[in-house]
Amino acid sequence: MSPANLYFDEALAAETYHRTLWDIYWGQFHRHHLAVASAALVILMVLLAIAAPVVTNFTPDKVNFATRYQAPSSAHIMGTDGLGRDEFTRILYGGRISIAVGLIATTLGLLFGTLVGALGGFYGGWVDNLAMRLTDLMLALPRLFVLIIMTMMLRNANVPWLQSSGGIAAIILVIATLSWMTVARLVRGAFLSLKEKEFIEAARAQGAGNSRIIWKHLLPNAMSPIIVAGTLRVASSIITEAGLSFLGFGVQPPTPSWGNMLQNAQDEMLKGHLWLAIFPGLMIFIIVISVNYVGDGLRDALDPRKLQ
Amino acid sequence: MKMTQYIIRRLLGAIPLLLVISVIVFVMIQLTPGGPMAAFEENPNMTPEDMARLEEQLGLNQPIHVKYYHWLMKMVHGDWGYSMTTKRPVLKEISDRLPNTLQLMLAAYLVALGVAIPIGIISAIKQYTLFDHVMTTLAFIGQAIPIFWFGLVLIIVFNVWLKNPVTGKPLFPGGGMQTYGTTGFHLWDRLYHLILPVTMLSMFLMGSYTRYTRSSMLDVIHLDYIRTARSKGLAERVVILRHALKNAAIPIVTIVALDLPGLFGGALFTETIFSWPGIGRLFFRAAQRVDYPLLMAIVLINATLIILFNLLADVLYAYLDPRIKYS
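Protein sequences appear in the order of chains A and B.
Counted the way the working numbering counts, the first sequence spans residues 129 to 436.
Counted the way the working numbering counts, the second sequence spans residues 123 to 449.
Errors might be hidden in some of the hints.
Derived SDA-like pairs: lysine to any residue, alpha-carbon spacing no greater than 25 Å straight-line [to be verified]:
{"id": "1", "chain 1": "B", "residue 1": "Lys248", "chain 2": "A", "residue 2": "His161"}
{"id": "2", "chain 1": "B", "residue 1": "Lys189", "chain 2": "B", "residue 2": "Asn222"}
{"id": "3", "chain 1": "B", "residue 1": "Lys196", "chain 2": "A", "residue 2": "Leu265"}
No lab work stands behind these hints, which were simulated from the structure alone.
With the hints as constraints, model all of the structure from the sequences given.
So, in structure tokens, the structure goes:
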């Protein structure tokens with residue numbers, strides 16, 4: 129018998145008693161060391177991007193022909209590009225765009241997907257029918273092709289706020305429009321099974337209305353899969369933006385994004401300026417794998433089967 | 123028969139779906155400025171009257187629903203129109219390039235499955251061993267690498283850095299389908315040109331298929347019937363390959379069928395980077411020039427494939443797993 133069990137430790141008991149749900153989640157999450165390290169890395173990258181003007185002395189679009197195509201050195205740690213702009217500075221500012229696009233597009237997609245899934249799952253009938261038809265329709269669209277056609281349409285539309293800062297608002301809208309379906313299905317499934325449970329019946333018996341049941345009872349219980357799917361979606365949105373911008377259909381220069389920094393990389397690297405093809409892609413890779421590991425850790429931590 | 127009815131009902135349901143998709147895509151393309159007239163706008167010899175006449179001839183000045191109606195009527199009669207940039211029939215443009223894309227996709231699938239399935243099986247059997255950890259990590263990395271960047275890295279390593287020790291030329295070609303100056307189809311030359319693009323495209327699939335195989339093997343490997351098979355004294359090979367894999371393969375087959383049409387998207391990156399004359403690059407060019415007959419055709423063919431393969435996946439699933447019944 130271990131010494132701890134020989135006497136009753138009041139402090140320990142109190143601490144155990146007051147463990148909230150979040151403590152339990154955190155306890156599960158921090159066991160996944162890779163996920164914790166990845167979360168730290170993501171936070172670091174976000175902070176560096178936010179603090180870009182403090183971190184670097186250069187500006188992202190200052191053209192300087194005296195410093196064209198310099199290989200990485202102590203003055204320019206990631207070298208310079210064909211217009212003599214400091215690559216590290218562009219990586220920092222590009223990170224702002226890439227991360228912001230990923231986060232905002234995902235949030236919008238999550239909100240819409242949750243709305244569609246919740247309405248369908250809760251009300252059933254023709255509402256559900258409509259919601260699921262819409263979801264099926266969007267899933268039958270060839271994703272990349274439609275992404276490209278839609279960004280072209282929005283980017284060239286005569287709407288100023290869609291054009292500003294390289295057209296990021298247009299990219300965000302397009303990615304969000306094409307990435308809510310998984311969440312909608314998840315939420316619908318969760319709502320369908322949850323709404324038959326006794327605690328919903330109990331809430332109803334106590335006089336709770338539809339909106340209270342949705343907001344206070346159903347949604348919180350459906351939150352874990354939404355959080356996990358949302359986290360993983362941030363990573364795929366970042367890749368999607370990068371892919372579109374790489375092809376020239378995404379964020380428009382001179383606004384830097386990790387994707388459009390790779391746009392001319394193939395020509396540049398064949399001319400021997402390898403660093404211009406390496407760093408932006410490496411950044412995308414690092415943030416995507418880190419976010420995926422965080423999502424993996426969250427999936428383990430939020431798994432109800434692991435809660436005791 | 124129940125199954126035939128089910129298939130027919132699903133196929134009928136696909137028609138309105140495709141119609142709605144065609145409307146959405148048509149409207150989006152029509153709302154995009156540019157298009158076939160953009161090329162003439164810079165031309166000083168074109169008077170406004172010429173422009174108007176040309177628009178009239180091309181049917182570009184009609185309202186959008188009229189244009190859609192004309193497009194649809196022609197399309198259902200098998201006339202997919204002409205590319206606005208090359209003036210060649212859309213179907214000809216597509217059928218010229220489809221085999222090239224299919225070669226690429228098929229090879230990528232063979233490589234991805236050939237690598238992912240054995241690794242996934244071994245990973246599952248040897249769960250939590252060093253092999254499993256290394257392979258799971260590699261699969262995770264594979265899923266996180268942006269494939270277009272992976273393509274660039276492949277060119278840097280195998281074309282720019284590594285040289286053939288005998289000839290001093292790059293180890294692998296950085297683009298194209300055959301050695302410059304040759305004509306016709308030469309198997310070895312084609313395979314040589316396929317290696318880098320296929321590596322890039324299969325990377326896109328390998329990570330997720332490895333993880334998928336591993337987890338569906340893990341799902342069945344601890345079930346009672348596997349224990350029974352072992353206790354009958356069957357060889358481990360037989361237990362794994364004949365008993366476990368057979369059931370684990372059901373979800374894998376399904377996911378492969380579901381993924382297949384989506385690979386056209388992945389192929390777009392591969393074809394753009396490796397100058398592979400396929401559907402993806404055709405789409406890329408058409409998008410830059412807002413060549414709407416071509417764009418419409420490619421999107422609709424792909425959407426049709428997505429719907430058909432979705433159905434195929436469901437049918438296969440029911441066929442392979444007698445426990446599933448569709449009503």
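Here is how each hint holds up against the structure:
1. B:Lys248 / A:His161: holds (22 Å)
2. B:Lys189 / B:Asn222: Roughly 32 Å between the alpha carbons, so the hint for Lys189 of chain B and Asn222 of chain B is violated.
3. B:Lys196 / A:Leu265: holds (24 Å)
Going through the hint list in order, the structure does not satisfy hint 2, though it satisfies all others.
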